[in-house]
Amino acid sequence: MATGQTGAGLSGGLFASVLFLIVLAAVVYSEPFGATITYIANTTKGATNGSIANYTGGGTSSGGYIFYTNISGTQQNLRWKGFVGNVSGKLTLDDASGNTLYDWSIVGSPTGEVYATRTGGTVNWSAIKCAYPNATYSENFRLNHTSPTDNITATFSASTNKQFNVGTVTISANTCNTTNLYVNDTINGLDTFEEVLLYDGPSLLLTNETYNMSNVIYTALIEQDVSSFDAKTYDFQMILPEVGLSTWTSSTAYYFFIELT
Amino acid sequence: MKKVAVWLVVSALVVMYVMRAVLSVPTGPDTFTVVSSERYTGGVNGTTFVAEAGNVTSLIVDETFISASWAGYYGNVTGTIVLNDGSNNTLYNWKLANPTGEIYASNASEVTWGAVGCVNLSANSSSNYPINSSSLESFFRMNATDSDGFNETFNDTFTDAVGFYVGAVRIDSTNFCPMLFTYVNNAYQTVDFKEVLLTDNRSIIFTALLNDSRDNFKAGTEPSDFQMLVAEDGHGSQASSLTNYYFFVELT
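If you're matching them up, the sequences are chains Y and S in order. Heads up: the first sequence begins at 1 in our numbering, then just goes up one per residue. Heads up: the second sequence begins at 1 in our numbering, then just goes up one per residue.
None of these hints come from the bench; they were simulated from the model. Hints may be right or wrong, so weigh each one.
[As the list claims (entries may be wrong)] A few chain S residues that face chain Y, going by a derived Cβ cut-off under 8 Å, partial list only: (1) D30; (2) A68; (3) I81; (4) N89; (5) L96; (6) L180; (7) R202.
Beta carbons: idealized from backbone N, C-alpha and C, even for Gly.
With the hints as constraints, model all of the structure from the sequences given.
What follows is the structure, given as structure tokens:
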């Protein structure tokens, strides 16, 4: 990286000190970074027509007859929303003003994580850890997820995460609440497209007020061009909770971060 | 691969956003399976009574007649809530262990769910209230004096303050919806299996609120998730025709 143009010891020393500052600045920011997002499209399950019933009871009319029927239904879940897509990026050596000294294109598909959180402020990445049960319960409460079938606790019910790093923090395998998004329209038996619950709160179990000041961070582990829920290849898939009220018609904003390795 | 301690810039993150449905509306079920149908046949043999000549005998004759104006449906509901795209590929789903919600039976294949409200049985016919007791009984060829007319059948009022949602439309005690309770264990009851009468001002929508495996109308213990009545024109020459009903389901 350094050129051989040092000559006098003074100039060589100056270059070394400048290089050190750039590296030092980069080490400070060796943690997830705000992502640039390009929106492509959105889609949702269409409504289906009613099922016609024009049964007779053995005669020519249904009047007076009682029909024993079994019905199965599929309902689009309005308490969750999904994000899928691809990740590209580059590694760069920039100063504080964004001027690039040098950059490298990432060869092949990047690995790492995509993070999403509702906080608009700073995430305490150095304090990141698995989300405690109380943090998840608090999240259910804040988003009115009252159904035991599909609330956040029920959705992230496994503890099967792979080991990964968030900045300098190592998240050990099989320690955090996890779920796997579907592949090829079916339940994922390949342990790909993991999504993990993290949070940046304190280590001790404190009051609900403290948990309200902490952030749950939904974390999708990036895959490399893997067949996804619709048989296309994506780098990541994730689901995020929306407000669970029946009357909710707005959209909850999430802030995306990314870390590439 | 070892992380490089440099500035990381993501040049582009392409996202396709699978959006929540803008409108939640009842939807056609995945499967609708009629397991059986049955009807009371009554006694086929006459009842004999011996009377002596010269006597005047008073009798009370009690008979059960099958209604030609109504048909019933009962059964079980299974459900799944999903996060699907427009091609119905599933990103994630959740199995409903104990489905709640409603079953709707409309005489129209398409319902304007956003315009749904309670039927006002006592309203005078007008352009604002085309669906009322008079128009319904006329449509199904019931006589106004029939014992099994609409007023006589939906003879209760929905008084649940919490109510339920039909898509985004809330139905609760403030709507004064006509309601009936179907029977449990062969007897009248007022706890389970409520059915209300809704309309979108074009079609009639019989609406059964789901119960979770409650003892149904049959004697003994037999659980069902829903029971409902739908009107039928089984009178005279129409006894050979059918009224088509379109079933929808909304699960919560």
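Verification of the supplied hints:
The interface hint given for D30/S holds, since its Cβ lies 5 Å from the closest Cβ of chain Y, which is under the 8 Å cut-off. Because the smallest distance between the Cβ of A68/S and any Cβ of chain Y comes to about 4 Å, under 8 Å, the interface hint for this residue holds. With a least beta-carbon distance of about 4 Å to chain Y, the hint placing I81/S at the interface is held under the 8 Å criterion. A cut of 8 Å between beta carbons decides the hint on N89/S: the least distance to chain Y is about 4 Å, and the hint holds.
Because the smallest distance between the Cβ of L96/S and any Cβ of chain Y comes to about 6 Å, under 8 Å, the interface hint for this residue holds. A cut of 8 Å between beta carbons decides the hint on L180/S: the least distance to chain Y is about 15 Å, and the hint is violated. Checking R202/S against chain Y by beta carbon gives a least distance of about 14 Å; that is not within 8 Å, so the hint is violated.
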